[in-house]
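Construct the complete structure from the given sequences, taking the supplied hints into account.
Protein chains: 2
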Amino acid sequence: MVTDDPAVHKQVLDQVSRLIPDLSLTASPPQIAHAIHKMIRPFAPDIDPYRNIKDISNRQALAWLPRLRSDVQSADDPLERALRYAIAGNVIDYGPQHSFDLAQELSSAATQPFGIFDYSEFQKAVGNADTVLYLGDNAGEIVFDTLLIETMDKPVTFVVRGGPVINDATAVDAKTVGLDQVAEVVDNGSIAPGTLLDDCSDNFLDRFWKADCVVAKGQGNYESLSEAGRPILFLFKAKCHVIANDAGVNVGDFVLKLGGV
Amino acid sequence: MVTDDPAVHKQVLDQVSRLIPDLSLTASPPQIAHAIHKMIRPFAPDIDPYRNIKDISNRQALAWLPRLRSDVQSADDPLERALRYAIAGNVIDYGPQHSFDLAQELSSAATQPFGIFDYSEFQKAVGNADTVLYLGDNAGEIVFDTLLIETMDKPVTFVVRGGPVINDATAVDAKTVGLDQVAEVVDNGSIAPGTLLDDCSDNFLDRFWKADCVVAKGQGNYESLSEAGRPILFLFKAKCHVIANDAGVNVGDFVLKLGGV
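Protein sequence lines correspond, in order, to chains A and B.
Counting in the numbering used here, the first sequence runs from 1 upward without gaps.
Counting in the numbering used here, the second sequence runs from 262 upward without gaps.
FYI, nobody ran anything at the bench for these hints, they're computed from the structure.
Only true hints are included.
With a straight-line Cα cutoff of 16 Å, these simulated EDC-like cross-link-like pairs (lysine to aspartate or glutamate) come out:
# : chain 1 : residue 1 : chain 2 : residue 2
1 : A       : Lys10     : B       : Asp283
2 : B       : Lys415    : B       : Glu445
3 : B       : Lys271    : A       : Asp22
This is the structure in structure tokens:
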């Protein structure tokens, strides 16, 4: 995305190829992606190749917000409806696959089947919490997180990545979409496309282990935290067979799963 | 195709990855495939993983032969029609892509546009030759080569690969489809999916350089011989953008091209 020079492409290919034998089959996708992106980043220092895509995603999502907010407010169960839109927004993803239809996803969100729907656990965990730690995923998607946070009506700390990786949301995106108006925004100190606890800042880890309630959006957070050792409410759309099989759902299903332990 | 064991998959992946930095961007696809297959082959010694696919291709193609032979014999220009079926048969390919429709390809072969059609050069070169050296490509496809060879009505030496690689035709396939009834069959002494002159036997090289006329089927032979340094009549279906661009035709086009010099 940052150069047309085949010699540079070959250099990147060679470096990544040399790395592969060091990667374990048991490494999670965010661990592998983190290792690869760390290696590629010096080829384009100070460039965020996905900045433009992230800006477009934020704008597109913001254009949907008034309609969805009014739909949530008039729904029989506003929290359930807001959860659905937050998961539908998880379709915005420039990592594993590049094609998605946000309009279609949002239109069918209200009736989309849940593969797992730990709703009562979610209501209980959020209801009993003084504050919620909410781990974000992608740019654009965070607009729909804003709507869920408004609807949850709890003090929320929203966590973004510590720097640009793929189209994952950073502090810039949180500010752009106004997420800082409904939550405290912090970053996790890591530039991995997930939450690799080994790579996160002490400040984040302190919040993570002490939080009353943790909500984690997206496959990257599920892949890196599904065995973290504390209760986490995972919200994501199952976008590939590996994750769908792991969670025991079908590809395309919405998932609200209490896990992490 | 020969094991479900992820540990073996990982070993193969690691070995191929280590090889990539040594591969040049100017290496041809058959050179790269040869290096990779050479490395993978020891993981499954004495196994020809494509044997079953090749048997099926041969049987399917043989089922078409009587119909196509009668169509060729009744055509206004039998040689042109036989050329078309020989190129249509080139759609049988389990290398770069796994999906094709042989029936569809053969049905439209008579009217399929040629991107390049050096037909008078072909007629002249074959007409003036005492013998023709015909470099084959894939199993199944060689049935349609048989029909072209019958129609050319010249003594032909047909060249197969020196051993199994992907679904390329070997001496076993030539015997199975009866190609040995219409041509002398020899192998090139190499197990590359193309004709890498550096890797071929002296016996083959002697025939190659001395031949009155060389016909070469398929992309693999085009990729490895397009700059061989002697006139060659290439017959293939352009199956990917790289080859189509190189030849100056559209993907899907039939090509009869005098090249090699």
